[in-house]
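Colleague: Listed below are the residues making up each chain.
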Amino acid sequence: MAEAGGYSVPLLARAPGDILFRLPGQSVSAAAFLAAARALAARLPADGPPGALVGAPRGGAIGVPVVNLCTDRFGFALGFAACLLRGRVSLLLGDRSAPRLAALAAAYPGLHALIDAPTPDLALPATMVGTEPPAAARSGEPLPAFPADRLAAIVFTSGSTGEPVGHRKSWGALAARSIDAGRRFRLRPDRPAAIVATVPPYHMYGFETSVLLPLHAAAASWCGPAFYPVDVAAALAACPEPRVLVTTPLQLRALLAAPGSLPPLARVISATAPLPVEMAAAAEHRWGTEVWEIFGATEVGSIASRRTVAGEVWQSYPRVRLRQSSAPARVPAGVAADDDPPAAGVAVHAPHAMPWPLSDRLELCDPTRFRLLGRRTDLVKLGGRRVSLAGLTRILTGIEGVEDGVFVAPDDLETEPTARLLAFAVAPRLTSDDILAALRARIEPLFLPRRVVRVARLPRDPLGKLPAGALAALRAQADDA
Amino acid sequence: MLTNPMTARQSATSEQEVAQLIVATLNLDIAPQDIPADAPLFGEGLGLDSIDALELALAISRTYGFELRSDDARDRQVFASLRSLAGYIDETRTK
Numbered sequence: 001m002a003e004a005g006g007y008s009v010p011l012l013a014r015a016p017g018d019i020l021f022r023l024p025g026q027s028v029s030a031a032a033f034l035a036a037a038r039a040l041a042a043r044l045p046a047d048g049p050p051g052a053l054v055g056a057p058r059g060g061a062i063g064v065p066v067v068n069l070c071t072d073r074f075g076f077a078l079g080f081a082a083c084l085l086r087g088r089v090s091l092l093l094g095d096r097s098a099p100r101l102a103a104l105a106a107a108y109p110g111l112h113a114l115i116d117a118p119t120p121d122l123a124l125p126a127t128m129v130g131t132e133p134p135a136a137a138r139s140g141e142p143l144p145a146f147p148a149d150r151l152a153a154i155v156f157t158s159g160s161t162g163e164p165v166g167h168r169k170s171w172g173a174l175a176a177r178s179i180d181a182g183r184r185f186r187l188r189p190d191r192p193a194a195i196v197a198t199v200p201p202y203h204m205y206g207f208e209t210s211v212l213l214p215l216h217a218a219a220a221s222w223c224g225p226a227f228y229p230v231d232v233a234a235a236l237a238a239c240p241e242p243r244v245l246v247t248t249p250l251q252l253r254a255l256l257a258a259p260g261s262l263p264p265l266a267r268v269i270s271a272t273a274p275l276p277v278e279m280a281a282a283a284e285h286r287w288g289t290e291v292w293e294i295f296g297a298t299e300v301g302s303i304a305s306r307r308t309v310a311g312e313v314w315q316s317y318p319r320v321r322l323r324q325s326s327a328p329a330r331v332p333a334g335v336a337a338d339d340d341p342p343a344a345g346v347a348v349h350a351p352h353a354m355p356w357p358l359s360d361r362l363e364l365c366d367p368t369r370f371r372l373l374g375r376r377t378d379l380v381k382l383g384g385r386r387v388s389l390a391g392l393t394r395i396l397t398g399i400e401g402v403e404d405g406v407f408v409a410p411d412d413l414e415t416e417p418t419a420r421l422l423a424f425a426v427a428p429r430l431t432s433d434d435i436l437a438a439l440r441a442r443i444e445p446l447f448l449p450r451r452v453v454r455v456a457r458l459p460r461d462p463l464g465k466l467p468a469g470a471l472a473a474l475r476a477q478a479d480d481a
Numbered sequence: 001m002l003t004n005p006m007t008a009r010q011s012a013t014s015e016q017e018v019a020q021l022i023v024a025t026l027n028l029d030i031a032p033q034d035i036p037a038d039a040p041l042f043g044e045g046l047g048l049d050s051i052d053a054l055e056l057a058l059a060i061s062r063t064y065g066f067e068l069r070s071d072d073a074r075d076r077q078v079f080a081s082l083r084s085l086a087g088y089i090d091e092t093r094t095k
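Protein sequences, first through last, are from chains G and B.
To convert, note that position 32 of the first sequence is 32 in the working numbering; the numbers rise steadily by one, no gaps.
To convert, note that position 28 of the second sequence is 28 in the working numbering; the numbers rise steadily by one, no gaps.
Hints listed in this document are in silico derivations from the structure and should not be mistaken for laboratory results.
A virtual CB, placed ideally from N, CA and C, is assigned to each residue, including glycine.
There's no promise every hint is true.
Sample of chain G residues lacking proximity to chain B, with all beta carbon distances greater than 10 Å (derived) [to be verified]:
hint, residue
1, Gly17
2, Asp121
3, Val230
4, Pro242
5, Ala254
6, Leu389
7, Arg450
8, Leu458
Quick list of simulated restraints, FRET-style, between CB atoms [said to hold, decoys possible]:
hint, chain 1, residue 1, chain 2, residue 2, range
9, G, Pro142, B, Ala39, 19 to 29 Å
10, B, Gln16, G, Ala123, 36 to 46 Å
11, B, Phe42, G, Arg429, 25 to 35 Å
12, B, Asp34, G, Val455, 35 to 45 Å
13, B, Thr94, G, Pro367, 53 to 63 Å
14, G, Gly17, B, Ala37, 45 to 55 Å
15, G, Ala123, B, Glu17, 33 to 43 Å
16, G, Glu241, B, Ala37, 43 to 53 Å
17, B, Glu17, G, Gln324, 52 to 62 Å
18, B, Asp34, G, Leu364, 49 to 59 Å
19, B, Asp90, G, Ala468, 43 to 53 Å
20, G, Pro318, B, Gln16, 49 to 59 Å
With these hints in hand, go ahead and build the complete structure from the sequences.
Modeller: In structure tokens, the structure reads:
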């Protein structure tokens with residue numbers, strides 16, 4: 001394979017007999033995974049007829065991508081590997097609602113889907129994963145490898161406006177971060193870790209820790225149910241030691257509140273929101289384990305970690321460096337992102353990825369250690385995803401019949417699992433339900449206001465701004481109403 | 001059918017009772033009696049999401065003494081509507 005200039009990164013860096021994924025009652029070795037991925041790749045259509053290459057919004061043609069709609073972690077992993085083998089880019093997205101898929105299909109003509117369950121309403125040509133014949137491992141074939149700078153995936157998040165934005169991931173960057181995570185968490189080939197992840201595989205955090213990690217580090221990922229506390233306990237019991245639970249503060253809270261015990265846990269890893277140190281301490285005490293947090297963002301992936309009870313300083317992953325940048329990032333050719341990088345701040349430098357300024361405020365101790373100070377903008381975080389209140393407000397006030405409006409977040413948005421956004425609207429001719437229906441078509445369900453309060457006017461100051469105090473008073477009124 | 005006196009305390013779980021649990025647990029801005037019995041709880045209808053499912057599962061285990069699992073939740077469409085949830089709780093509750 002002539003890949004002039006760059007170097008190649010193999011699909012797998014595991015021994016053929018190593019277990020990569022565990023399904024209820026079945027373990028899948030590296031060799032079996034590769035054979036199944038090859039069989040699926042053979043069933044995937046080739047990348048469209050000549051001339052069918054479509055341009056992404058920025059950064060040139062990428063071919064006709066494949067949207068991976070598998071819900072099962074194993075199907076998802078097979079789908080991702082098959083796309084790599086077939087030379088196709090995987091699209092990963094959390095919001096699989098019909099309007100979102102229609103918008104995606106419009107943006108990428110010829111879009112193909114991978115599914116692992118019958119999806120009657122799907123308006124895309126699709127390949128069903130999981131009907132592979134029992135994969136017999138073939139020996140003697142070289143491991144497939146791909147150029148490090150090859151575009152492997154576009155991961156969609158809610159952009160700052162609430163509309164999805166794609167973040168491009170090169171194969172080299174994805175693999176490098178898995179290798180680094182394996183080193184950070186001291187995963188040893190002689191004692192591979194059993195990963196049980198409670199987070200979905202299409203979220204960047206779940207994708208890295210439960211789909212990519214087993215390809216390059218000494219880990220096997222659980223692919224059965226792991227959502228409710230009972231599921232998690234059963235999943236851990238089905239796996240050998242050392243066990244690593246990959247989860248979120250909200251799910252950790254539910255696990256701590258649930259009755260029953262867990263099998264011995266070597267480590268708990270949490271991400272998506274700050275983990276209260278008391279909760280980390282409670283989990284360490286109850287399960288005799290270590291609780292670590294990962295810091296990252298969809299744009300850059302996981303970049304640092306800390307043991308929560310050991311202090312507030314984060315240590316970057318091996319090969320990741322942080323530097324203060326005074327200018328907005330420039331988008332170099334070849335690794336273009338579909339959205340605008342945020343303005344100057346602390347930028348992340350990592351292998352095979354463009355330098356990316358973080359939207360959090362960081363205090364750098366040195367290029368590998370930092371403290372987290374907070375958000376730089378009006379971004380709020382809900383369910384592990386960030387959204388701009390200003391962006392949501394623009395969508396609200398763009399609705400026909402809404403004369404003025406604003407989205408607000410309760411103070412406990414990140415700590416209280418039931419907290420959601422709230423919206424105020426000046427809309428004499430519309431009902432709250434009308435407004436909610438209009439928002440539903442454009443905003444992810446998680447960011448929908450739990451309540452739309454219609455008001456006669458908003459308490460704007462003479463400059464037209466909404467002072468924080470006046471907004472707080474409005475919120476208090478709404479709570480009383 | 002005769003009522004088993006041993007289980008008589010487990011009176012049929014009313015939709016109203018479950019609606020109250022949902023509203024109280026999730027701090028919803030809607031009166032329990034206004035939750036339609038047949039509308040979906042997630043997505044279009046009441047608009048709940050997966051974080052809500054986890055909270056609701058905890059409240060159900062505290063109130064009714066059993067824990068939800070993914071298999072049940074998926075196969076039985078427990079959360080399809082208030083009616084289906086109340087029916088499932090009624091079959092499964094231990095207190």
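Colleague: Does each hint hold? Answer for all of them.
Modeller: A quick look at each hint next to the structure:
Every CB of chain B is more than 10 Å from the CB of Gly17/G (nearest about 30 Å), matching its label as outside the interface. The non-interface label for Asp121/G is consistent with chain B: the shortest C-beta to C-beta separation is roughly 13 Å, beyond 10 Å. Under the 10 Å C-beta cut-off, the non-interface status given to Val230/G relative to chain B is violated; the minimum distance is some 4 Å. Separation of Pro242/G from chain B is adequate, the least Cβ-Cβ distance of about 24 Å exceeding the 10 Å criterion.
Annotated as non-interface, Ala254/G brings its C-beta within 10 Å of a C-beta of chain B; the closest such distance is 5 Å. At roughly 19 Å, the least C-beta separation between Leu389/G and chain B is larger than 10 Å, which holds for a residue marked as non-interface. Not every CB of chain B lies more than 10 Å from the CB of Arg450/G, the least distance being 6 Å, so the non-interface label is violated. With a least beta-carbon separation of about 19 Å from chain B, Leu458/G lies farther than 10 Å from that chain, consistent with its non-interface assignment.
Separated by about 56 Å at the C-beta atoms, Pro142/G and Ala39/B break the suggested range of 19 to 29 Å. Taken as a hint, the range 36 to 46 Å holds for the pair Gln16/B and Ala123/G, whose Cβ atoms sit roughly 39 Å apart. Look at Phe42/B against Arg429/G: about 30 Å separates their beta carbons, and that is inside 25 to 35 Å. Distance hint check: the CB atoms of Asp34/B and Val455/G are about 22 Å apart, inconsistent with the given range 35 to 45 Å.
Distance hint check for Thr94/B and Pro367/G: the Cβ-Cβ separation is about 56 Å, which falls inside the suggested range of 53 to 63 Å. Taken as a hint, the range 45 to 55 Å holds for the pair Gly17/G and Ala37/B, whose Cβ atoms sit roughly 54 Å apart. Evaluation of the 33 to 43 Å hint for Ala123/G and Glu17/B yields a pass: the beta carbon distance comes to about 40 Å. A hinted range of 43 to 53 Å for the beta carbons of Glu241/G and Ala37/B is consistent with their spacing of about 47 Å.
Range check, Glu17/B to Gln324/G: about 57 Å between beta-carbon atoms, so the 52 to 62 Å window is met. The hinted range of 49 to 59 Å is satisfied by Asp34/B and Leu364/G, whose Cβ atoms lie roughly 52 Å apart. Hint check: Asp90/B to Ala468/G, Cβ distance near 47 Å, so the stated range 43 to 53 Å holds. Judged by the Cβ atoms, the range 49 to 59 Å given for Pro318/G and Gln16/B holds: they are separated by roughly 57 Å.
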